[in-house]
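Enquirer: Chain order of the listed sequences is A and B.
Adding 7 to a residue's 1-based position in the first sequence gives its number in our numbering.
Every letter in the second sequence is one number past the one before it in our numbering, and letter 34, counting from 1, is 18.
Calculated from the structure, these hints are not laboratory results.
Hints may be right or wrong, so weigh each one.
What the hints assert, rightly or not - Only pairs whose alpha carbons sit at most 30 Å apart, straight line, appear in this in silico BS3-like list of lysine-lysine:
#	chain 1	residue 1	chain 2	residue 2
1	B	Lys81	B	Lys38
2	B	Lys(-13)	A	Lys64
3	B	Lys81	A	Lys64
To be verified - Computed footprint of chain B on chain A; a stretch qualifies when at least three of its residues, placed anywhere within it, have a C-beta under 8 Å from a C-beta of chain B:
#	region
4	23 to 35
5	109 to 121
To be verified - Okay, the calculated beta carbon distance ranges per label pair:
#	chain 1	residue 1	chain 2	residue 2	range
6	B	Asn14	A	Ile58	18 to 28 Å
7	A	Gln63	B	Gln86	19 to 29 Å
8	A	Glu79	B	Ile(-8)	34 to 44 Å
9	B	Asn14	A	Ser14	35 to 45 Å
Because the structure is a prediction, the values reported are computed rather than measured.
Glycine included, C-beta positions come from ideal geometry on N, C-alpha and C.
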Amino acid sequence: DGGITQSPKYLFRKEGQNVTLSCEQNLNHDAMYWYRQDPGQGLRLIYYSQIVNDFQKGDIAEGYSVSREKKESFPLTVTSAQKNPTAFYLCASSPREGDWETQYFGPGTRLLVL
Amino acid sequence: LAKTTQPISMDSYEGQEVNITCSHNNIATNDYITWYQQFPSQGPRFIIQGYKTKVTNEVASLFIPADRKSSTLSLPRVSLSDTAVYYCLVVRRQGGKLIFGQGTELSVKP
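Chain A on its own, in the form it takes in the complex (with noise of 0.2 Å):
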């Protein structure tokens, strides 16, 4: 069953706490991709990677990290510095580097912080 998988689905963070939210795909795409959305708003971009051992940040990178060491896994984490991390945060992936306008979104990892 192809796809793409995020864990865990609700996340809870204490202050101060980095944690760390997983996303695996089995679908052979190269390019994958992490995204924010708040409530009632578009998705925002945070960093993506066309291809393995590469990333690129997005247009609010700021208080997160990512990394690519295998194709089908591409972990986001949310670091201390994140001063609102409190969102719904999406992975994506698409077929092949530079393909962006098809993209397949995993279910979504809830974050709230206690």
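Fit chain B to the given chain A structure using the hints.
Expert: Just chain B, lined up with the frame of chain A:
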């Protein structure tokens, strides 16, 4: 990339045809028009994409006039399960980002 403008919300009834219009006055020659659908607490799902004239698939139709400054997503005979947010995006091939606006919140009533 061209900014898009679409209605914040729309209401409809089951069985009706719904048309959501998006304006993108500054669309460039190598930009495509793409629509996504998002249900609550889920990731967006690609619906349809077009460059000009009309595109139809099993889910929707997309009408794009000759000047390409607007587009209309048409959902035939909607059901309650079509209640969702619909995003209109202008995407540049080969290197263009997906820029999501607020979208149109469609509410389908019985």
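Enquirer: Give a verdict on every hint.
Expert: Here is what the structure says about each hint:
no.	hint	verdict
1	B:Lys81 with B:Lys38	24 Å, holds
2	B:Lys(-13) with A:Lys64	21 Å, holds
3	B:Lys81 with A:Lys64	12 Å, holds
4	23 to 35	violated (count 0)
5	109 to 121	holds (count 8)
6	B:Asn14 with A:Ile58: 18 to 28 Å	23 Å, holds
7	A:Gln63 with B:Gln86: 19 to 29 Å	25 Å, holds
8	A:Glu79 with B:Ile(-8): 34 to 44 Å	38 Å, holds
9	B:Asn14 with A:Ser14: 35 to 45 Å	37 Å, holds
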